[in-house]
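Q: So the sequences go chain by chain: G and B. Each residue of the first sequence is one higher than the one before, counting from 0 in this note's numbering. Each residue of the second sequence is one higher than the one before, counting from 0 in this note's numbering.
There are no misleading hints in this set.
You can't tell identical chains apart in this list, so a pair holds if it fits in one copy or across any two.
DSS-like, lysine-lysine: derived pairs with alpha carbons at most 25 Å apart:
#, residue 1, residue 2
1, K336, K287
2, K242, K287
3, K169, K281
4, K342, K281
5, K362, K83
6, K342, K60
No lab work stands behind these hints, which were simulated from the structure alone. These numbers come from a predicted model, not from an experiment.
As a plain string of letters, each chain reads:
Number of protein chains: 2
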Amino acid sequence: MSDKITIIGGGLCGTLMSIYLAKRGYEINLFERRPDMRKNKISAGKSINLALSTRGLLALKKIGLDKEILADAIPMFGRMIHSKNNELTYQPYGKDGQAINSVSRGRLNTRLLELADGFKNINLHFNSRCTDVDVDKSTATFELEDGTSQIFQSDRILGTDGAFAATRGKLQISDRFNYSQSYLHVGYKELEIPAGEGAQFMMSKNALHIWPRGAFMMIALPNPSGDFTCTLFMPFDVFDTLKTNAEVGTFFTKEFPDAFQMMPTLTGDFLKNPTSSLVTVKCFPWVKDDKIALMGDAAHAIVPFYGQGMNASFEDVTVMDECIENFGSDWTKIFSKYQALRKPNTDAIADLAIQNYYEMADKVGDKHFLHKKTLEHNLGDLYPDKFKSQYALTTFSNSPYLFALDQGKRNDILLEHIIAEGAEHKITDLAYMEKIWYLLD
Amino acid sequence: MSDKITIIGGGLCGTLMSIYLAKRGYEINLFERRPDMRKNKISAGKSINLALSTRGLLALKKIGLDKEILADAIPMFGRMIHSKNNELTYQPYGKDGQAINSVSRGRLNTRLLELADGFKNINLHFNSRCTDVDVDKSTATFELEDGTSQIFQSDRILGTDGAFAATRGKLQISDRFNYSQSYLHVGYKELEIPAGEGAQFMMSKNALHIWPRGAFMMIALPNPSGDFTCTLFMPFDVFDTLKTNAEVGTFFTKEFPDAFQMMPTLTGDFLKNPTSSLVTVKCFPWVKDDKIALMGDAAHAIVPFYGQGMNASFEDVTVMDECIENFGSDWTKIFSKYQALRKPNTDAIADLAIQNYYEMADKVGDKHFLHKKTLEHNLGDLYPDKFKSQYALTTFSNSPYLFALDQGKRNDILLEHIIAEGAEHKITDLAYMEKIWYLLD
Numbered sequence: 000m001s002d003k004i005t006i007i008g009g010g011l012c013g014t015l016m017s018i019y020l021a022k023r024g025y026e027i028n029l030f031e032r033r034p035d036m037r038k039n040k041i042s043a044g045k046s047i048n049l050a051l052s053t054r055g056l057l058a059l060k061k062i063g064l065d066k067e068i069l070a071d072a073i074p075m076f077g078r079m080i081h082s083k084n085n086e087l088t089y090q091p092y093g094k095d096g097q098a099i100n101s102v103s104r105g106r107l108n109t110r111l112l113e114l115a116d117g118f119k120n121i122n123l124h125f126n127s128r129c130t131d132v133d134v135d136k137s138t139a140t141f142e143l144e145d146g147t148s149q150i151f152q153s154d155r156i157l158g159t160d161g162a163f164a165a166t167r168g169k170l171q172i173s174d175r176f177n178y179s180q181s182y183l184h185v186g187y188k189e190l191e192i193p194a195g196e197g198a199q200f201m202m203s204k205n206a207l208h209i210w211p212r213g214a215f216m217m218i219a220l221p222n223p224s225g226d227f228t229c230t231l232f233m234p235f236d237v238f239d240t241l242k243t244n245a246e247v248g249t250f251f252t253k254e255f256p257d258a259f260q261m262m263p264t265l266t267g268d269f270l271k272n273p274t275s276s277l278v279t280v281k282c283f284p285w286v287k288d289d290k291i292a293l294m295g296d297a298a299h300a301i302v303p304f305y306g307q308g309m310n311a312s313f314e315d316v317t318v319m320d321e322c323i324e325n326f327g328s329d330w331t332k333i334f335s336k337y338q339a340l341r342k343p344n345t346d347a348i349a350d351l352a353i354q355n356y357y358e359m360a361d362k363v364g365d366k367h368f369l370h371k372k373t374l375e376h377n378l379g380d381l382y383p384d385k386f387k388s389q390y391a392l393t394t395f396s397n398s399p400y401l402f403a404l405d406q407g408k409r410n411d412i413l414l415e416h417i418i419a420e421g422a423e424h425k426i427t428d429l430a431y432m433e434k435i436w437y438l439l440d
Numbered sequence: 000m001s002d003k004i005t006i007i008g009g010g011l012c013g014t015l016m017s018i019y020l021a022k023r024g025y026e027i028n029l030f031e032r033r034p035d036m037r038k039n040k041i042s043a044g045k046s047i048n049l050a051l052s053t054r055g056l057l058a059l060k061k062i063g064l065d066k067e068i069l070a071d072a073i074p075m076f077g078r079m080i081h082s083k084n085n086e087l088t089y090q091p092y093g094k095d096g097q098a099i100n101s102v103s104r105g106r107l108n109t110r111l112l113e114l115a116d117g118f119k120n121i122n123l124h125f126n127s128r129c130t131d132v133d134v135d136k137s138t139a140t141f142e143l144e145d146g147t148s149q150i151f152q153s154d155r156i157l158g159t160d161g162a163f164a165a166t167r168g169k170l171q172i173s174d175r176f177n178y179s180q181s182y183l184h185v186g187y188k189e190l191e192i193p194a195g196e197g198a199q200f201m202m203s204k205n206a207l208h209i210w211p212r213g214a215f216m217m218i219a220l221p222n223p224s225g226d227f228t229c230t231l232f233m234p235f236d237v238f239d240t241l242k243t244n245a246e247v248g249t250f251f252t253k254e255f256p257d258a259f260q261m262m263p264t265l266t267g268d269f270l271k272n273p274t275s276s277l278v279t280v281k282c283f284p285w286v287k288d289d290k291i292a293l294m295g296d297a298a299h300a301i302v303p304f305y306g307q308g309m310n311a312s313f314e315d316v317t318v319m320d321e322c323i324e325n326f327g328s329d330w331t332k333i334f335s336k337y338q339a340l341r342k343p344n345t346d347a348i349a350d351l352a353i354q355n356y357y358e359m360a361d362k363v364g365d366k367h368f369l370h371k372k373t374l375e376h377n378l379g380d381l382y383p384d385k386f387k388s389q390y391a392l393t394t395f396s397n398s399p400y401l402f403a404l405d406q407g408k409r410n411d412i413l414l415e416h417i418i419a420e421g422a423e424h425k426i427t428d429l430a431y432m433e434k435i436w437y438l439l440d
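Here chain G stands alone, though its shape is the one from the complex (with noise of 0.2 Å):
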């Protein structure tokens, strides 16, 4: 008899995760909070759309779905930068053809869904919240929509069940458990550029828009009904003095005067529209022997700042499944080098997604950073193999975010040091290009 594993939290994650484990013949028992959001539309409380870069396109790519969401997603191909004078600049994110694609997180979740509900081998559990978790005796609890409590036993339990994880709660107050949660001083507000005449877009389709003004900023993301999905981030405290529709009319006017021509709604939008709050999670263990183990958000919430919180709780899944395709049965040992392989590296995703924050907000609308951002992308174009970006690294490659994270701070050091010797104009000679690598590393 095949093992029974309990996944708590229908999310991106969590369903992703038991359609790998189906498809290795395990029994599922998939448990989510809220009801089935293929009957009814529900907001999980998290943002509209997504950024899907290349380690989540590697995850969906194993189960077949890579192209079917594609499809339907929009490709942006770099930056557009709005200035307070209506000036547009545009950075390309990486080579020609390489993009990150705007996908809708409802409509990707409830493939998902569908996907997992065709596996004989799984059983979704919807309305189902995990009250309780016994980690030695590998039970969960569950109160159910009628207020009836259930006992549900397996071999071991995935949490998947978010940055607020009912399963990580359970960890926390054992023993030696390092945890911590840290909030940044930015929150966030959803609005809306609705599409114009004919489902038009009102602006460039394939790029992220971003309206950086140092402490806050707006950006926007193309939707494929022609809108665009617009997050301003911006400190809690300037939040609170715009409490009326003069006031933020009077802003906007101010710092995005041409976003707000495209915002018929906007001053409705803003006071009827939730702020949330960004918070970082970090915890560790994730794992116990072969009874439990903790995956994306439940184990590494960060901040939106890189687009990548989809794609490392997806690159999660595919290590995952790698280390059972390495260890077969033995789970203390997949969960264990799991563990071990995720850890550092979305730590450094973490720290790498609060850094770019602070590029986008303030340093993309800066001279020297445009600079900087010109002779890191030529380097990269003479030296392919040589040179990569930590941007490139982190979002078209499936690198270790570590690396990338040791990698841009190297590529950082190069840069100062040749604007700094003036010699932008020899990168294209080898032998000099080499002697400052060799000088550096």
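Once you have looked at the hints, place chain B on chain G.
A: Then chain B, alone, in the frame of chain G:
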């Protein structure tokens, strides 16, 4: 009618705070989970003795208790380092007469409870476990010994219920509460060197004894009854290798030969006594409006290596009292100023305490370190107004902990500079010193 204040936690910090508030005329209800320690010999699950120093003494002095407590304390004027070859090295902590004081946690807590019980406006409630706090309604719920629940209403609540505070738990689930719990890789076990005949001390009485062994260490503090409380700090995985009398005996013979000879009940104690963990807790915010404030370990649990846990908690009390003095009945201002004054400093002592583990376990046996300590000592003697060591600022002053942390870093650069120049003989030359102070500032 004066304000009614609920204090949750009748340990050292909560009981001391109740006395300060009672003296200002507030009506205090102090709730403690455990039975009355004056009637029952109970272990708090914490260390047996503590090192009382300047900050703690100031707090006791303000309620007239310092002399009485000091009369029963044993002053420790320095560290006595025990090598593997039974060689002893003595390092004074400060100038002549400066000492940290070994006091019994149980006796100090009992004495504070006795004093509190003498106030008509302090009501003590034992066996009352806090199960819920409603911050906005200013109510706290307690489970009593007979299993019944009691809801208690007051004007405001102080949470002094320790590192695993129930009060903090209520703040933690609210939005935007930063929190971290971080465990040290070493655990600890308490052991004993009993008194000799006629309550004779078997080692020099007026010192804190240290057996530094790099990856682990043992310390011993004297008790008035002639015995020493030893604490062995060691990585958990090393503890796990010592499971039999023979293994413990072999280990102590090799690592702590002189101590082993004075520990007749060692092997039994070792296998019987628990191995406990060491946690650092940081969180923010500590206060909400005029409704609740966290104090002591509930706000900032630290590891014990600087001997400042109790001293820092007592300083919370004197700072809170100064804020009341300055802001009268404006509790929003009192709590907010208390938090602003304390948070950076308790973060600093948390970091200093972790640093000091490595100093005690490893560096105190190191030649270069001892050379620096001598130089530091001499500079302190030569320039008492201009040069103060980090240890002296932390232990023998009421300067902010953050200043001690920063000054320590500056001192270190100075000491390394003098040693690198081979200029130890020049430190009596004021002109030389003024030149390097100028250079390094």
